[in-house]
Amino acid sequence: MNDEHKRAEGQAVRFVIEDGAVGQFRRAAETTCAPDEHTAPWTFPMAVEHWLSPDDKVDTGFDRRRLLHGGQEFIYPNGPLECGRELMAQERIVERFEKRGSRGGLMRFAVVETTLRDASSGEVAAYVRRTLIERDGAPS
Amino acid sequence: MTWKTVGGTAPPRNFGPVTTATLVRYAGASGDFNPMHYDQDYAKAAGYPGVFAQGMYLAALLSTYVAELFAARSVRRFGVTFRSQVWVGAMLTCSCDVIEVRPCDDGVRVVVSLELRADTGSVAVAGEAELHVSDEMWAHEDPNDEPVNPRGVSQ
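Going down the list, the protein sequences come from chains A and H.
All residue numbers in the first sequence are consecutive under the numbering used here, ending with 140.
All residue numbers in the second sequence are consecutive under the numbering used here, ending with 295.
Keep in mind that the hints are not guaranteed to be accurate.
Stated by the list, open to error - Covered stretches of chain A (chain H as the covering partner; in silico rule of three or more C-beta atoms under 8 Å from a C-beta of chain H): (1) 20-29; (2) 39-47; (3) 76-85.
Source of the hints: derived by calculation from the structure; they are not laboratory data.
Each residue gets a CB set at the ideal place from its N, CA and C atoms; glycine is no exception.
Between the sequences and the hints, there should be enough to build the whole structure, so can you do that?
Quick look at the structure:
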C-alpha cells in the first residue's frame with residue numbers, strides 16, 4: 001500500500017510574507033484590531049500551501065473525491081510570522097496510519113508537515129501540520 | 141471575577157452570518173478555490189444541500205478571536221479539528237476555556253481549549269492554542285471585558 005504515495009517529500013519553495021496578501025487575509029479572517037506589529041494571521045500559511053505547484057507538493061496517493069481535511073495545526077517556536085519575512089517552505093509526509101470508522105469502513109490518514117524556514121538563517125519559523133483522511137471507497 | 145485562571149471562560153464572540161461573499165473572500169485570500177464553498181450547483185451535484193464554509197475559514201475566525209483576546213504576538217501553537225459543516229446563513233459563536241497556566245521566562249504560558257459553534261448548536265471546529273502572554277497582560281483587568289461583537293449580533 002505504501003507504494004501508492006509517489007512523493008513523501010516536496011521541493012523547498014521560496015516565498016515572502018507580503019503585506020498586501022496579509023491584508024487581504026486579515027480582512028477575510030474578519031480581524032477588527034489594528035495589525036499587531038505587522039504579523040501575519042496565525043492561519044496565514046494556508047495561503048502559502050495553495051501557492052505551491054503540484055510538482056512542489058507531496059503526493060499522498062489519496063483519492064481526491066474521498067479526501068477529508070481532518071485537522072490543522074500551526075506551531076510557532078518564536079511567535080507569529082512577520083510581514084516582509086522571506087521564507088522557504090517544504091512539505092513532507094510525517095505520519096501515515098489507518099483506523100476503522102464507526103461504520104466499519106477503513107479510513108486512511110496522512111499527516112503532511114510544511115516546515116517554514118527563514119530563507120537566510122535557516123531558522124525554523126513555523127511547522128504547519130495538516131491531517132488528511134481518505135474515506136473508505138465502499139458504499140456505506 | 142477574572143476569567144484568567146485555570147478553569148476560567150473568556151468572553152465569547154460572535155461572527156456571522158456566513159454568506160457566499162464571506163466564503164469567496166476567504167477563497168480569494170487563501171487561494172483555495174474549491175467550488176464546493178461558493179458554487180451552489182456544484183455542491184448540490186455532489187449531494188450537499190448547498191455550499192458550506194471552508195474549515196480553514198472557520199479556523200481563521202477562531203484564531204482572530206483568540207488573537208484579539210490575548211495578542212497576535214502571543215501565539216506559539218494553534219490547532220483545530222473539524223467536526224461538522226457550517227452552511228450559508230449560520231451564525232457562529234467562539235468560546236475559549238483556560239486549561240493550563242504556567243510561569244515561564246518573561247510571562248506565562250497559557251493553554252486554552254477552543255470551540256466554534258454554529259447556531260444549530262453543533263460544534264463545527266474544536267481547537268487548542270498555546271500562548272506566551274506577558275505578566276502585564278495576564279494581570280490586566282478590563283472592567284469593560286464584554287464579548288467583542290463587531291456586528292452587533294445578539295447573544
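Violations among the numbered hints, reported as their numbers in ascending order: none
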